[in-house]
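Spelled out from the first residue to the last, the chains are:
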Amino acid sequence: MRRILRRREMVADDWIHLGEEAADGAALIVPLAELRKDAGRWWQWSGRLGVRITPIDRVEEIAEELPRLDLVAVEFPSPSEGRGYSQGRLLRERLGFRGELRAVGAGVRQDQVFLLARCGFDALELPEGEDADGACRALQRYDVAYQPGSPQTAIRRQRFFT
Amino acid sequence: MYEYDQLDQAFVDQRVAEFRDQTRRYVAGQLSEDEFRPLRLRNGLYLQRHAPMLRIAIPYGLLASRQLAKLADIARRYDRGFGHFTTRQNLQLNWPNLTDVPDILAELATVQMHAIQTSGNCVRNVTADHLAGIARDEIDDPRPYCEIIRQWATLHPEFTYLPRKFKIAVTGSPQDRAASEVHDIGLHMARDAQGSIGFTVLVGGGLGRAPMIGQVIRDFLPLADLLSYLEAILRVYNRHGRRDNLNKARIKILVKTLGIERFREQVEAEWQLGRASAARLPAEEVARVRSFFRPQPYLALEDFDASAGREPAFQAWYRYNTRPHRMSGYRAVFVSLKAHGQNPGDMSSEQMEAVAALAERVSFGLIRTTHNQNLLLADVRQSELYEVWLELARHQLAMPNIGTLTDMIACPGLDFCSLANAGTLGVAKQIQERFDNLDYLYDLGDIEIKMSGCMNACGHHHVGHIGILGVDKHGEEWYQITLGGSANGFTALGEVIGPSVPKTQVAATIERIVEAYRTLRAEGERFIDTFRRVGLAPFRESAYATHSAAA
Numbered sequence: 012m013r014r015i016l017r018r019r020e021m022v023a024d025d026w027i028h029l030g031e032e033a034a035d036g037a038a039l040i041v042p043l044a045e046l047r048k049d050a051g052r053w054w055q056w057s058g059r060l061g062v063r064i065t066p067i068d069r070v071e072e073i074a075e076e077l078p079r080l081d082l083v084a085v086e087f088p089s090p091s092e093g094r095g096y097s098q099g100r101l102l103r104e105r106l107g108f109r110g111e112l113r114a115v116g117a118g119v120r121q122d123q124v125f126l127l128a129r130c131g132f133d134a135l136e137l138p139e140g141e142d143a144d145g146a147c148r149a150l151q152r153y154d155v156a157y158q159p160g161s162p163q164t165a166i167r168r169q170r171f172f173t
Numbered sequence: 044m045y046e047y048d049q050l051d052q053a054f055v056d057q058r059v060a061e062f063r064d065q066t067r068r069y070v071a072g073q074l075s076e077d078e079f080r081p082l083r084l085r086n087g088l089y090l091q092r093h094a095p096m097l098r099i100a101i102p103y104g105l106l107a108s109r110q111l112a113k114l115a116d117i118a119r120r121y122d123r124g125f126g127h128f129t130t131r132q133n134l135q136l137n138w139p140n141l142t143d144v145p146d147i148l149a150e151l152a153t154v155q156m157h158a159i160q161t162s163g164n165c166v167r168n169v170t171a172d173h174l175a176g177i178a179r180d181e182i183d184d185p186r187p188y189c190e191i192i193r194q195w196a197t198l199h200p201e202f203t204y205l206p207r208k209f210k211i212a213v214t215g216s217p218q219d220r221a222a223s224e225v226h227d228i229g230l231h232m233a234r235d236a237q238g239s240i241g242f243t244v245l246v247g248g249g250l251g252r253a254p255m256i257g258q259v260i261r262d263f264l265p266l267a268d269l270l271s272y273l274e275a276i277l278r279v280y281n282r283h284g285r286r287d288n289l290n291k292a293r294i295k296i297l298v299k300t301l302g303i304e305r306f307r308e309q310v311e312a313e314w315q316l317g318r319a320s321a322a323r324l325p326a327e328e329v330a331r332v333r334s335f336f337r338p339q340p341y342l343a344l345e346d347f348d349a350s351a352g353r354e355p356a357f358q359a360w361y362r363y364n365t366r367p368h369r370m371s372g373y374r375a376v377f378v379s380l381k382a383h384g385q386n387p388g389d390m391s392s393e394q395m396e397a398v399a400a401l402a403e404r405v406s407f408g409l410i411r412t413t414h415n416q417n418l419l420l421a422d423v424r425q426s427e428l429y430e431v432w433l434e435l436a437r438h439q440l441a442m443p444n445i446g447t448l449t450d451m452i453a454c455p456g457l458d459f460c461s462l463a464n465a466g467t468l469g470v471a472k473q474i475q476e477r478f479d480n481l482d483y484l485y486d487l488g489d490i491e492i493k494m495s496g497c498m499n500a501c502g503h504h505h506v507g508h509i510g511i512l513g514v515d516k517h518g519e520e521w522y523q524i525t526l527g528g529s530a531n532g533f534t535a536l537g538e539v540i541g542p543s544v545p546k547t548q549v550a551a552t553i554e555r556i557v558e559a560y561r562t563l564r565a566e567g568e569r570f571i572d573t574f575r576r577v578g579l580a581p582f583r584e585s586a587y588a589t590h591s592a593a594a
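Protein chains in written order, with the working numbering: chain U, 12 to 173; chain C, 44 to 594.
Possibly wrong hints are sitting among the right ones.
On the chain U side, residues computed to face chain C include the following (Cβ under 10 Å) [claimed, not checked]: (1) Arg18; (2) Arg19; (3) Pro90; (4) Cys130; (5) Asp154; (6) Ser161; (7) Arg168; (8) Gln169.
Quick caveat, the hints were computed from the structure, so don't treat them as lab data.
Since the structure is predicted, the reported quantities are computational estimates derived from the model, not experimental observations.
Here a beta-carbon is modelled for each residue, glycine too, at the ideal position from N, C-alpha and C.
Based on the sequences and whatever the hints tell you, model everything.
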């Protein structure tokens, strides 16, 4: 079973991505395009439902559906893809999403996790082969920060506040 | 100058530890070159033609003597005993060993320095007017705001992986000495009707491919809103800037595509929605940072003509290499890094140490770097100028050519840089040799030559009165010449004069251009003004006169 880094701990993943083997009632993550295409089916899903968005998706477009979603997965296809950081902050700060905010994709590396956590991601799905211990350590690499950020890291002192 | 508190120090120390770990993983083969690249770039490290290049940040160009002495020491122990000052007011070391870089960064951290975000697609070193705090025409000292922006932009969680690099300049005077109109964001200090401090905000300027001049997005931004407004601009850019084509990824392309009105609408809308959750800039924090930039404890002195009765060499230096100061009895002194026979902007460890010690004695222990690749001692008593001149001359730092044709900007070019198409240092030498007559240089007056070895325009060639761009033509180095560029107040991009010229012909072509100017100029008219009056055509004719006859 896949393991993910959730709130600074490695835990077994209790979510399934569409296309993976899923029993009825499983917690399921469906790509936004698929959710739109077959809305009737997915909103009837018996288990918890999450959506997966790509860098070009505008988070404002899922604002109305957010209350019915337990998870939003944001894709980072490579480490240099930076749009997801804005998507994450907007989901948390502007759209008030309180469910699981998960970073997924090849770009979710240990050198990115600190920034991701500061932007409000509370779950990090590391790509296969990435060093989970390194990622755990990286979350605590800094105990100071200049900017406001999500309290997922070990920040004890910060310069600017909201 | 700003001094680190515990937060700043802890941050740079933790950053060094992070990069040490990243370097270790790279050397151990756990990170591929592709994976390591964005990480090392964000710590100023390039892998170059001959060796790595480390670009050390000098925030808004301000250095304490102990910092310059440390740079000298690092250059000697980890490099070949010299460094290169850049148009972003930073210092580049050209020969460090990759595996030494974490140690170099640790040494920098002991003197409150770093190499963070001097490269990579993130917010780069914030630059400022080199006369900040001492200029007579200043509205306010821009450096506290540069420091605030530096901190806000450092490892910003949302804006560390932007579509492309992002450069911000702040200027405190109506006379723009920071080339702010060719920056992604240019901030001009201003006062509103009540006299409160704020900024006129320009956006979308930039050199490189498709050079553009920044446009005003906001006439007046109150100081308290500085960070939230920057955040709004950066967010619109981060979300909508192009990422599919590196050459179209700068914010200037987004601004041009949308048009400034639509871009402004998006930023203002984003700002209104995002202000509440953006970083605030409380008055206490502004006061804290400003307190580090209080005026120096100047003596009450009278102005006098320090050059009167002195030898002509000193008089020439006084005239060209010193500038007026806000305080009577003081002048600002350029340390020329443009001695003929030397690479523009290069400085040896011995020279750095000499200037560090000199600054300690005569200029409150502070040194500034300028975007023209010189240094500046900002606060020298007029009564000490002669001694300062002697000391600088002893170290070949008193070439009296500031503002003249040989005070040229040049990037390191093909000799060092793996991006370059053509050499710049050889051409600089050629120009220095051909124009090695001070009387002739003085007769030509104020002419800015700016030279880049490739389209990336680190040498700001588009905004040189005479711009030189190295191009690769079937494996040979050729040079395209532009005229009429400027980044001082009246910002303009140079016009290409005609076909590029071979390497051996650059200085000769420039000589024909300036000779044409000597013929065309009105009494007392500067080169750039003659160009603006008569246009490109007469210069084009002269530039190729003998060249085309020969061909």
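Structure-based check of all given hints:
With its C-beta approaching chain C no nearer than about 17 Å, arginine 18/U sits outside the 10 Å limit, and its interface hint is violated. Evaluation of the arginine 19/U hint against chain C yields a violated restraint, the C-beta minimum of about 16 Å exceeding 10 Å. Taken as an interface hint, proline 90/U checks out: its beta carbon lies about 6 Å from the nearest beta carbon of chain C, inside 10 Å. A least Cβ separation of about 5 Å between cysteine 130/U and chain C falls short of the 10 Å threshold, and the interface hint therefore holds.
Of the supplied interface hints, the one on aspartate 154/U holds, with its beta-carbon coming within about 7 Å of a beta-carbon of chain C, less than 10 Å. With a cut of 10 Å, the hint placing serine 161/U at the interface with chain C holds, because the nearest CB-to-CB distance is about 8 Å. The closest approach between the C-beta of arginine 168/U and any C-beta of chain C is roughly 5 Å, which is under the 10 Å cut-off, so the hint is satisfied. For glutamine 169/U, the interface hint holds, the least distance from its beta-carbon to any beta-carbon of chain C being 8 Å, beneath 10 Å.
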